[in-house]
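Listed below are the residues making up each chain.
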Amino acid sequence: MADLKNIFDVAARGMSAQMVRLNTVASNLANARSVASSEAEAYRAIKPVFSTLYADDLEKTGISSVDVVDVVAVDKDPEKVYQPGHPKADKDGYIYMAAVNPEEEMVEMLEASRQYENNVEVVSTLRGLMMRTISMGK
Amino acid sequence: MKTIEGHLKVHAEALALRSQRNEILASNIANAATPNFKAKDLDFEQMLSSKMGFGKVNISDKRHFEMGIGPNDQGVKFRQNITPSMDGNTVELHVEQLQFSENVMKYQTSLEFLNRKISGLMSAIKGE
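Same order as they appear, the protein sequences are chains V and R. Counting in the numbering used here, the first sequence runs from 594 upward without gaps. Counting in the numbering used here, the second sequence runs from 21 upward without gaps.
Chain V with its partners taken away, still in its complex shape (with noise of 0.2 Å):
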């Protein structure tokens, strides 16, 4: 059980959480049009698995935040099409598309990025607070 002990653990997990699912929408797109000469070697798209990560064992204070646990390929067959004069057309003529949708990447990125941007206005929003706690009675 790592340590959350204040808002800034909090935050810092959740937004390494969300840049690790926008790394793997990098690699997805980057991927997007690659072709292989067998199914095997095909790229398939990538997905953080997330998991909530509990400040303390019981689960009292109500204080978690995210880890990613896993980073998983999604099983989907990759789009095999027909083009013998490829330079990577297998023997029958067929190359095998990366299985991603770009569509579907184009939303996780963006719900990512805002996800992300939510983390740091929480936090410059409690630290702005905590600044002001600080000098109270002043």
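Read the hints as simulated data drawn from the structure, not as lab findings. Since we're looking at a predicted model, the values are computed, not measured. Worth double-checking, as some hints may not be accurate.
Covered by chain V, according to a simulated footprint, are these stretches of chain R (three or more residues, beta-carbon under 8 Å) [claimed, not checked]: (1) 55–64; (2) 110–121.
DSBU-like, lysine-lysine: derived pairs with alpha carbons at most 30 Å apart [claimed, not checked]: (3) Lys731(V) <-> Lys29(R); (4) Lys146(R) <-> Lys598(V); (5) Lys22(R) <-> Lys598(V); (6) Lys146(R) <-> Lys653(V); (7) Lys126(R) <-> Lys598(V); (8) Lys598(V) <-> Lys29(R).
Pair ranges (Cβ atoms, derived) [claimed, not checked]: (9) Lys97(R) <-> Leu622(V): 37 to 43 Å; (10) Ala605(V) <-> Phe133(R): 30 to 36 Å; (11) Ser717(V) <-> Ala36(R): 19 to 25 Å.
Where is the CB? At the ideal position from N, CA and C, for every residue including glycine.
Dock chain R against the given chain V, drawing on the hints supplied.
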């Protein structure tokens, strides 16, 4: 309410609870995309009255049971969500964001009350 502590107590407790609630809401916002995460919230009124000793039933006989919440109850409850989602996550970002901004505002209000009370005490001490 004769001591300085008694003079400041409500606002001090409220400030601490608001800060705790801020952390819980921040946790919900951080977990907005985690499958099966259940959003939580702090029952502010219940916690404040238990800290202040309000709202308890009087015990006039030793055979009476004590009402109210125990010292180990942290007042953290699950949020009832409006629209359920497929992945079992009960965080609704807009709800959390609104609760967060409301809570921040109320924190500032408590802070302002404390500041005013402290400056009132200071001017009484200095006798200006």
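Worksheet item: Which hint numbers doesn't this structure obey?
Response: Violated hints: 4, 5 and 6; rest satisfied.
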